[in-house]
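Asker: As a plain string of letters, each chain reads:
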Amino acid sequence: MNILSEIAGSLERGEDDRVGALVRQALEEGRAPLEILNQGLIAGMDVVGEQFRQREIFLPDVLLAARAMYAGLDLLQPRLAREGLPSAGRVVLGSVHGDLHDIGKNLVGIMLRGAGFEVVDLGNDVPAGRFVDAAQEHGASIIGLSALLTTTMPVMKEVVALVRARGLAGRVKVIVGGAPVSAAWAREIGADAHGYDAANAVERVRALMAAGA
Amino acid sequence: MRERVVWTPVDSLPERAEVLRLQGVPTDADPPARIGALLEAALTDYLTRAEPRALVAGISPEEFRAIFRGDGRNAPDTPLAGVIAGAERLALFVATVGHGVTARIRDLFARNEPALAAMLDAVASAAADRLSVLLGGRFPALPGGPGANGTRVLAYSPGYCGWHVSGQRALFAFLAPGEIGVTLNASCLMEPLKSVSGVLVAGPAAIHSFAPSYAFCRDCREKPCRGRLASSPGPGEP
Numbered sequence: 001m002n003i004l005s006e007i008a009g010s011l012e013r014g015e016d017d018r019v020g021a022l023v024r025q026a027l028e029e030g031r032a033p034l035e036i037l038n039q040g041l042i043a044g045m046d047v048v049g050e051q052f053r054q055r056e057i058f059l060p061d062v063l064l065a066a067r068a069m070y071a072g073l074d075l076l077q078p079r080l081a082r083e084g085l086p087s088a089g090r091v092v093l094g095s096v097h098g099d100l101h102d103i104g105k106n107l108v109g110i111m112l113r114g115a116g117f118e119v120v121d122l123g124n125d126v127p128a129g130r131f132v133d134a135a136q137e138h139g140a141s142i143i144g145l146s147a148l149l150t151t152t153m154p155v156m157k158e159v160v161a162l163v164r165a166r167g168l169a170g171r172v173k174v175i176v177g178g179a180p181v182s183a184a185w186a187r188e189i190g191a192d193a194h195g196y197d198a199a200n201a202v203e204r205v206r207a208l209m210a211a212g213a
Numbered sequence: 001m002r003e004r005v006v007w008t009p010v011d012s013l014p015e016r017a018e019v020l021r022l023q024g025v026p027t028d029a030d031p032p033a034r035i036g037a038l039l040e041a042a043l044t045d046y047l048t049r050a051e052p053r054a055l056v057a058g059i060s061p062e063e064f065r066a067i068f069r070g071d072g073r074n075a076p077d078t079p080l081a082g083v084i085a086g087a088e089r090l091a092l093f094v095a096t097v098g099h100g101v102t103a104r105i106r107d108l109f110a111r112n113e114p115a116l117a118a119m120l121d122a123v124a125s126a127a128a129d130r131l132s133v134l135l136g137g138r139f140p141a142l143p144g145g146p147g148a149n150g151t152r153v154l155a156y157s158p159g160y161c162g163w164h165v166s167g168q169r170a171l172f173a174f175l176a177p178g179e180i181g182v183t184l185n186a187s188c189l190m191e192p193l194k195s196v197s198g199v200l201v202a203g204p205a206a207i208h209s210f211a212p213s214y215a216f217c218r219d220c221r222e223k224p225c226r227g228r229l230a231s232s233p234g235p236g237e238p
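If you read the sequences in order, they're chains A and B.
Under this note's numbering, the first residue of the first sequence is numbered 1, with each subsequent residue one higher.
Under this note's numbering, the first residue of the second sequence is numbered 1, with each subsequent residue one higher.
Watch out, some of these pointers could steer you wrong.
As the list claims (entries may be wrong) - Going by beta-carbon spacing under 8 Å, a handful of chain A positions derived as facing chain B:
| no. | residue |
| --- | --- |
| 1 | Leu34 |
| 2 | Asn38 |
| 3 | Gly98 |
| 4 | Thr150 |
| 5 | Thr152 |
Read the hints as simulated data drawn from the structure, not as lab findings.
This structure is a prediction, so every number in the text was calculated from the model and none was measured.
We treat Cβ as the ideally placed atom computed from N, Cα and C, and that holds for glycine.
With these hints in hand, go ahead and build the complete structure from the sequences.
Answerer: What follows is the structure in structure tokens.
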């Protein structure tokens, strides 16, 4: 088994210390950071994601794998940034203004990172304008909005309107999610996609990127 | 009657199976060892940080109807109207597991410990729900003893079953739960996050049983109403 497969396997088992050690070893052996990322960490997370979709493993397993991924990513990121290598895409993410719930948003962020996306996490209680500002500032193609309260869902509509008002529609796409948020609501406000749960959100973001976000 | 209730963290500790259910882990068999270890770590963490407490006050049906109307944004048809009509006793409540647990969950996420953070979040959610069940058991027993005549106590909360979440404002105005550290923001969100509020309804089991066929039931993912009756206490039951 080569070291990249070992990294993927250790990540699948949630062995964070081992993943860190293997990534360090791979770098020392002269492996390219992008190769380690794609064929080690992301390959492992892809397996984990598929096992989760098939209900062979459960949310805690995915999050243990995510922790292992961070152990490797922390070592790779400075090198990747220095070399200016492309990611799967850049996503601005946050819980909308008035909403302090962030666990769902955090899970989406973790799974997006695991799928190779760069995530700009704005946290919670984020005003509409800040999402769009951040998308422009960071050159993000996707804005992900989370709300757990019906009283805060209208902020999602504000974000969609702002994206259009600034002439970003088509270039910046909006995906919405959260317990009270439905596909019908997404259509009603003109959002580009609705993520039913964290795993589904990653699939939707991938589809938006493939469609030219 | 208005009463402040303080529990020990152990009192509020939820069933392990309920926590695992919230994490999407099947409960018909022992969880994998690493998930079991994570659960135990989260329960230990919870016990060191939780400060479970509540405020509860009896209320008449007339007073409750005024609170229930709130800002006038409830669903046109809700099961609560029928539930209240058949109720024997009502009490408003706000309960919380405290700020410490929420702060710890955020800290764990910030430190790239998402598995433990999410498990602790599930523990805290299940614990907060358990507080409303514990409060239900504190209703004075009816003549004939605990649970007499099939009486059950169930909690109903703003944001569920057609009771618009803006109903929190009237509920908070009535109870003033700032004294137990719970506040409401402009979006009607309680802080600490792991808090629950609503009305405790004591009455014949039949009043709590309704088909999930209301318009708002379509968007309710879990339909917890179906399982709640089975786990509800009778008045005076532990």
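Asker: Each hint should be assessed against the structure and marked as holding or not.
Answerer: These are the hints, each one checked on the structure:
| no. | hint | verdict |
| --- | --- | --- |
| 1 | Leu34 | 22 Å, violated |
| 2 | Asn38 | 21 Å, violated |
| 3 | Gly98 | 3 Å, holds |
| 4 | Thr150 | 6 Å, holds |
| 5 | Thr152 | 5 Å, holds |
In summary, the structure is inconsistent with hints 1 and 2 from the numbered list given earlier, while agreeing with the others.
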